[in-house]
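Trainee: From first to last, the protein sequence lines are chains A and B.
If you use full-length UniProt numbering, the first sequence corresponds to residues 1 to 367, in order.
If you use full-length UniProt numbering, the second sequence corresponds to residues 1 to 614, in order.
Be careful, since some hints might not be right.
[Stated by the list, open to error] Now the in silico label distances, taken between C-beta atoms and shown as ranges:
1) A/60 x B/417: 58 to 66 Å
2) B/417 x A/76: 31 to 39 Å
3) A/60 x B/183: 23 to 31 Å
4) B/66 x A/86: 38 to 46 Å
5) B/467 x A/156: 35 to 43 Å
[Stated by the list, open to error] Looking from chain A toward chain B, a few residues come up when the C-beta cut is under 8 Å (computed):
6) 244
7) 285
8) 286
9) 292
10) 322
[Unchecked claim] Calculated lysine to aspartate or glutamate pairs in the DMTMM-like style (CA-CA distance at most 25 Å, straight line):
11) B/481 x A/205
12) A/208 x B/571
13) B/605 x A/205
14) B/481 x B/80
15) A/208 x B/189
16) B/605 x B/582
17) A/208 x B/192
18) A/204 x B/192
19) B/159 x A/220
20) B/611 x A/205
21) B/239 x A/205
22) A/204 x B/189
23) A/204 x B/215
It is worth saying that the hints were derived from the structure and are not from the lab.
As the structure is a prediction and not an experimental result, all values here were calculated from the model.
A virtual CB, placed ideally from N, CA and C, is assigned to each residue, including glycine.
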Amino acid sequence: MFDRRLITYFDWGLLALTVLLGGMGVAVLYSAVNAGGHVSQEGLLLKQLLWFAIGGGGMLLSFFVSYKKFDQWGLVIYAGCILLLVAVMVFGRYGGGARRWLVLGPVSVQPSELMKIAICIVLARYFARNFMGQGMGVKDLVQPFILVLIPFILIVQQPDLGTALLLFVIGGSLTLFVGVQKKTLLGFIAAGMAAVPVVWLFLKDYQKHRILTFLDPGRDPLGTGYHIIQSKIAIGSGQLFGKGFLGGTQNALDFLPEQHTDFILSVLAEEWGFVGCSLLLLVYLLFLAWSLNVAYRCRDPFGTFLAVGITIMNFWHIFINMGMVMGLLPVVGVPLPMVSYGGSSVVTTLLGVGILLNISMRRFLSD
Amino acid sequence: MAPGMNYLKSTESDGYRRRLMLLFWVAAFFFLVLLARLFYLQIFQGHEYARLSENNCIRLQSILPHRGLIYDRHGRLLVDNRPAYDLLIVPGDVKNMDEVLERLAALTGIAADEFRDRLERNRGPGYRAVLLRQDLDRDAVGLISARRYDLPGVRIDAKPRRQYMYPGLGAHLVGYLGEVSLLELQRPENADLRGGDFVGKTGVERVYDGVLRGERGGRQVEVNARGQVIRILQTVPAKPGASLYLAMDRDLQEETEKLMEGRVGAVVAMDPNNGQVLSMVSSPSFDQNLFARGIRSDEWRALVNNPHRPMENKVIQGLYPPASTYKMISAIAALEEGVVDSETRFFCSGSIRYGDREFRCWRRGGHGSLNLKEALERSCDVYFYHVAQRLSVDRLAWYGRAAGFGRRTGVDLDHEEAGLVPTAAWKRRRTGVPWQGGETLSVIIGQGYNLATCMQAAVMIAALGNGGTLYRPQVVHEIRKAGGGILRPFTPEVTGRLPVEEAHLELVRSALRDVVSSRSGTARRINDPELDIAGKTGTAQVLSRKSDDDETSSRPGFEPHAWFVAFAPYEKPRIAVAVIVEHGEGGSTVAAPIAADVIRFYLEKQMADDKALE
């Protein structure tokens, strides 16, 4: 089964970039849970390391299975994730007013994170099998639309509008990459714009309020508006070189319940300054470029689309998370890959890297 | 894999390679935007943000909502809020903690060690305020406010606190507040609450907590290096909670409590025409203000160790055999099932043999020959023993349940008990032993396995009074918005009808009138033509009766519980009352006078009101 050539073609560069990102993430997390000296939450750090180990295990596992199996098993993986989402609705644990986690013994997982990978797989599978190279028309897009719509509806129920919309963003970006007829694209844009006021009429008041706050955090000065102000102070006060490792003061304020998860960038920016942030951006850009290179060298459509899908997912995570922490984008629950604390995010990212490595090293093989 | 699919076939590579390059450049462009934003925040505006950060100067303060008030049915204030001043300290703002604590100790007269204790126990991250003392007295507040520039990091927060205007009045009905528990915090409907907040724990304070609570507000403030507010940036006002208007009449409640003073038991008075609870007393009671300011452990121990269980709401949680008050149901069952009619007579010699057991009447000498109406009026047990031999326990139970026994009345209070109406199937399930005929004889006179609450008895007697309609008892009359508009008006809720023919109901009703007005009635002592009361006595055995000479005698500590249920005036009832006095011995001597006084007080007041209206 195992081919010696796999080792020859192993993508050490991608692995090195991943390890580098993980290392930066752990360092920032160490700072986030220690700075200020009051709170000791080393437990979080250990947990995160454990998650890296679990994610690394998942990554390794995917070496022994050719990514082509994902093509065969695509619908099963997708259906499994849908089942997990349904299970969240039934057995899920509440946290912060939403029901997003499934508790499995000592750990809790967020199936909506895994769903992002499942969407990449199932869409790559569809495009590879049904797409003949010309731009897609309306009919070609019905099936992918439904594939995204089902988990979208389930995740909106939790409620987690941010993650749900992200599925459409990822799916839509991949579709655009594969190719859509110009008139279809224009038609979709027009239809979408026409639908907005109609949908708005059907929403309940609290739903409207939630969406408006999502678009304009300033409407909620006690919640996200406050987070944004504190986050901007933390980032800005880092200035050129930052306050030094463990030197952040905003971080010690305990101003953000999410400082170690979604808002971890503000800790990094405060302590490492503009130089550190630029470095992180550079590493991310290299990471994305390398991923695209995997797609570039892959010679079958499924592998190419899957690699592009995973790259797109990572890209949006990075851009949306950073944009929101800097006050450029609405605050949504999007983690920063490899840096934010959180098991589901780490495992999802590492699984994605595992798939990329898989595609990369099997590029010359056929089975 | 789809058969025939060739992975080696090229992916129109040139087209995709161009797109992959494009994708890279798009990503790079987006990253450039992020870099520009970082440059703007960290380099261009970095100095300003560094200044803000040095003072840690934007803080979030919570504004607590005004909790809704509670009034009686006539709009008299029962529960108010008063301002209380809490002393807090923000450790991160304090340079020399010992010095500040000593100064505070000198100003308040509270030992510095007590502060240190609280600080150690509640310390969180540096800039989270720690509560040093709640409800500081006003002198200390004045002294501290005057010296606030010598006391960096010290803060005084005004917080509304509950004040019960008449301590102990309707304590079980109104309930009290307590600090929110971890379990309560995890409920999704409590997402707005924080640790240390107060929520309703019992009574209407709990059931209507969501209505009373209101919505928390807050403000972003800029503070100086000493932690003192220098500027308010943004404010979201708190939304006050809605107010409750209880169905209870404060004067009647007060009177009822006076009547129950020194006794253990429960009284509930209802409007038989709609189920409104006019007064509701569980005795002994407790002072809710103890809870409002945070109860001390010795006070709490005294309450829970009291053998008379002051914390229990005996109106809806106390379970007692309904005793002879149940004979109304037995009579209806007998009539409806055709076992007896109004003419059927049985002879009471003081006891009856059934199987190998002797079943006694409470009156040892016997009642002689009586019909059903006389049997009710004199509460003859032997008459009903005869009925029991002609009626199965399951048929009897059906009427019991139809009259509201064995299920919750649905009153808008927590932790109501359902009571028990035994059936043959229930006994087999519970004990594995089949039903014995003799047990029906106990059950038909409301003893044996029967268990009822005072509230169930009140709902039943109210239905007899109003012609057969069972209402859901309601303690809240209406809910008003903080602005004054009605948020929820009162609407009576019918939960059932007594399954009884008009003529049969009339027979039972007139027997109840005779209980009070006839010379041989068991409650003749409270006869008052002005009030025209109809009622029924009951004497619930605590253990099986050993020396039952008559309805009242027994050993100390095992005295039976005394029941009385009544409605008045007979023709057009305006009030229904149920009274249970634990170990009160005779229903006629102890419970009936209490009920009569409640009725008198209420009707006289009503008549006065009616006159005033004319």
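Trainee: Taking each numbered hint in turn, which are not upheld by the structure, reported in ascending numerical order?
Mentor: 2, 3, 5, 6, 8, 12, 13, 16, 20
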